[in-house]
Each structure stands twice: as structure tokens, then as C-alpha cells.
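Use the sequences and the hints to build the structure in full.
Chains A and B supply the protein sequences, listed in that same order. With the first letter of the first sequence counted as 1, position 70 gets the number 70 in this note's numbering; the numbers rise by one all the way through. With the first letter of the second sequence counted as 1, position 191 gets the number 191 in this note's numbering; the numbers rise by one all the way through.
Simulated from the structure, these hints should not be mistaken for laboratory data. Here the structure is a predicted model, which means the values were calculated and not measured. Treat the hints with care, since some could be wrong.
What the hints assert, rightly or not - Only pairs whose alpha carbons sit at most 16 Å apart, straight line, appear in this in silico EDC-like list of lysine to aspartate or glutamate:
| hint | chain 1 | residue 1 | chain 2 | residue 2 |
| --- | --- | --- | --- | --- |
| 1 | A | K57 | A | E47 |
| 2 | A | K57 | A | E25 |
| 3 | A | K180 | B | E139 |
| 4 | A | K180 | B | E127 |
| 5 | B | K180 | A | E25 |
| 6 | B | K180 | A | E127 |
| 7 | A | K67 | A | E25 |
Number of protein chains: 2
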Amino acid sequence: MTASRPSAPTPPRPDSARRRGPVLERAILDAALDQLATVGWGGLTMEGVAAGARTGKAAVYRRWPSKEDLVADALRAGMPPLDEAPDSGGVRDDLYEVCRRVRDALWSAPGVALRSVLHECDAGTAERFHAVIVRGMIEPSTRVLREVIHRGVRRGEVRPEAVSDMVVDVIPAMMMYRTKVCGSEWTDAEIARMIDEVGMPLLRA
Amino acid sequence: MTASRPSAPTPPRPDSARRRGPVLERAILDAALDQLATVGWGGLTMEGVAAGARTGKAAVYRRWPSKEDLVADALRAGMPPLDEAPDSGGVRDDLYEVCRRVRDALWSAPGVALRSVLHECDAGTAERFHAVIVRGMIEPSTRVLREVIHRGVRRGEVRPEAVSDMVVDVIPAMMMYRTKVCGSEWTDAEIARMIDEVGMPLLRA
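If you want it as C-alpha cells, here you go:
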């Protein structure tokens with residue numbers, strides 16, 4: 001399979017060619033995100049996704065037994081990764097960078113789609129997509145924040161007691177709360193204000 | 001009307017007697033909360049509420065044109081009030097008391113019903129009930145927190161820059177986040193830990 005040799009710089013095959021493995025999977029996941037953006041969770045069908053990916057319905061069902069499984073995977077795969085900690089040498093700049101990345105993930109196509117799915121789907125399905133948020137956004141950004149704070153402690157910038165689950169939760173909590181309650185879109189200026197008014201006073205040694 | 005003279009200590013009339021005004025309204029709102037607790041948002045009907053309040057459907061529709069209006073009013077009226085600031089003389093104890101009241105409101109019958117309605121209803125209706133949370137819980141507790149912090153500044157306990165919307169949002173943000181993401185029920189010990197690890201380090205002069 002071509003796709004198992006990613007180093008080979010073969011051009012993308014025309015749609016009519018037979019795609020297999022990861023290439024076809026990627027096309028299906030992309031088509032699912034396209035469908036979410038255009039017809040929403042309610043309008044998305046396995047047939048529509050198959051058509052969008054120029055493949056057959058069977059190829060979709062072979063990999064994903066349900067619409068929930070397919071959409072959860074599409075959102076997960078499309079989300080910008082949040083698991084690498086910035087390392088600018090200073091805790092303020094690192095926090096700023098983590099928040100910008102979280103904001104960018106929230107407003108990425110899969111991030112927007114995820115929130116609109118949650119808005120539209122029923123309660124049972126919502127639990128499933130809630131888990132995508134927890135595993136794809138909350139857990140990695142919390143790990144990264146913990147690392148940034150830890151490094152600040154080692155440099156003497158941050159008080160040692162600040163490495164606590166409560167303190168680490170403050171930034172994700174603020175981002176969730178002000179997004180939901182105030183409809184904040186977290187401009188760079190608002191992120192900076194949050195770090196200067198809340199983050200730094202809370203952490204400083 | 002008896003109900004317009006609340007100082008008169010008349011015993012509650014038997015259900016068969018003709019109730020009017022606030023007394024009947026209260027009975028209908030209580031019946032709506034009962035229905036929410038037993039059959040949920042999906043099962044609640046205007047007929048069921050009328051039966052629960054031992055009145056006619058017309059008496060319900062005369063006051064509330066729809067199920068949404070009735071339930072929103074029932075939740076609002078049943079919610080424990082959060083608009084009075086505690087005044088223990090110290091910011092730590094005041095914050096602790098505000099958080100306990102918010103926690104108690106979250107776990108009151110209307111608080112639990114409100115969250116289960118939000119879980120169950122469609123997106124359009126959810127906006128309506130979201131507003132009940134904002135006006136009935138978030139706005140009053142934010143006002144009270146601002147007052148508590150302000151008083152702390154006047155006593156020299158709290159740094160003056162802490163009277164900022166970002167800082168005031170931290171406690172409500174933590175309560176929302178850890179309730180949603182960690183399933184926290186906010187025991188007294190967890191509230192104390194949040195105040196000692198986050199609230200006080202953030203506020204202290």
C-alpha cells in the first residue's frame with residue numbers, strides 16, 4: 001500500500017483510483033468533517049459521507065459501525081494536537097502560548113463542529129462527544145499546563161505549592177467558563193489579561 | 001384574597017377549596033417541580049401539572065402559555081436565593097460561605113431539575129434554561145463575590161487590583177468546570193481546598 005510508505009512522495013491519486021488504508025480513511029474522515037460543517041449532525045448520513053469521500057457506503061461501515069463512531073473519530077483526528085508544552089524560558093509566555101493553542105483548537109473546524117454537534121445531538125450521544133473534548137482538549141492541555149508550572153517552580157519563578165490540581169485547573173476553567181457564559185472568543189488581548197490578572201498573581205513565588 | 005395578606009396566619013386551605021392568585025400559582029409551580037423530578041422534562045405535560053396542583057388545565061395555560069414558560073418560572077421561583085453577601089468579617093470565611101450556598105443551590109431540587117432539563121431538552125429550549133442559570137445563579141453569585149472581595153480590599157486583606165471581572169470569575173469558573181469535567185459534588189472539604197489553594201493566593205494583599 002502506498003500509504004504505508006509515507007516517505008515516498010507520490011502525488012495524491014485521482015479520486016477514481018482505488019484508495020486503500022490510511023488514504024481512504026483520511027478521505028472519509030475529511031468528508032465527515034465537511035458534512036458536519038455543511039449539513040450539521042442532524043443532516044449527516046453515512047451515505048452522504050461515502051459520497052463526499054467518493055467511496056461506497058460499505059467502505060465506511062466496514063471501519064465505523066455507526067455515525068457516532070465515525071464523527072467521534074473525525075473530530076479526534078482533525079483536532080490540532082495540544083500535547084506539546086511550549087518552552088520559551090518564562091512561565092508567562094508559556095502560559096500565553098498554551099492558551100492561544102487551546103483557543104485555536106476551540107475555533108478550528110473540528111472544534112467548531114464539535115461544539116455544534118454537542119448543541120444538536122441527544123443526551124446519550126453528548127456523553128460520547130464530551131469524552132472527545134476531555135481526551136482531545138482538556139487532558140492534554142492540563143498536562144501541558146502542569147509541565148509549564150513545574151518548570152516555573154524549578155526556575156524559582158513559581159511558588160512550589162502551585163503544582164496542585166486545583167491551581168492547574170484554573171486556566172482551563174476560565175477558558176470554559178468565559179466561552180460558555182460570556183461568549184468569549186479569547187482574543188490575544190483577553191488571553192494576556194487573564195494571565196496577567198489571574199495566572200501570574202496565582203503562581204508567582 | 002388570603003394570599004395578598006401574608007401576615008394573616010391562616011392554615012392552608014384544603015385542596016377542594018377554591019384557591020386564587022399566589023396560592024394557586026405556588027401550587028402549580030410546585031407541581032411542575034414535582035413532575036420534573038418524577039417524569040422529567042420529556043414526560044411533563046400541562047395536564048399532568050394541572051392534575052398535580054388539583055386545578056384545571058385552563059388555570060395553568062392562563063398564566064403560562066407554554067411548558068417552557070412554566071418550567072422556567074418554576075425553576076426560577078424554587079431556586080434558593082443567592083443574592084445576599086455573607087459578612088463574617090474575613091474574606092476567607094465569606095468566600096467559603098458563598099461557595100457553600102452555590103453548591104447547595106446546585107444540589108437543591110430545582111438545581112438538579114434544571115441540569116436534568118438541560119440534559120434532556122433540545123438546543124432551542126436549552127438557551128432558555130441557560131438564561132435561568134445565568135440570571136438565577138451566575139449573576140447573583142458573581143455580584144456577591146465582587147462585594148466580598150471589595151470588602152476585603154477595604155479591610156486591607158485583599159490586593160486592590162483583585163476587583164477585576166477576571167478575578168471575580170475564577171470561583172464560578174472553577175465551580176462550573178469541576179462540576180462538569182470532574183463530576184465534583186463540592187464537599188465542604190473541596191470548597192475549603194479551592195479557597196486555600198486558589199482563592200486566597202490569588203486575592204491576598
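Here is how each hint holds up against the structure:
no.	hint	verdict
1	A/K57 / A/E47	holds, 6 Å
2	A/K57 / A/E25	holds, 13 Å
3	A/K180 / B/E139	holds, 14 Å
4	A/K180 / B/E127	holds, 11 Å
5	B/K180 / A/E25	violated, 33 Å
6	B/K180 / A/E127	holds, 11 Å
7	A/K67 / A/E25	holds, 14 Å
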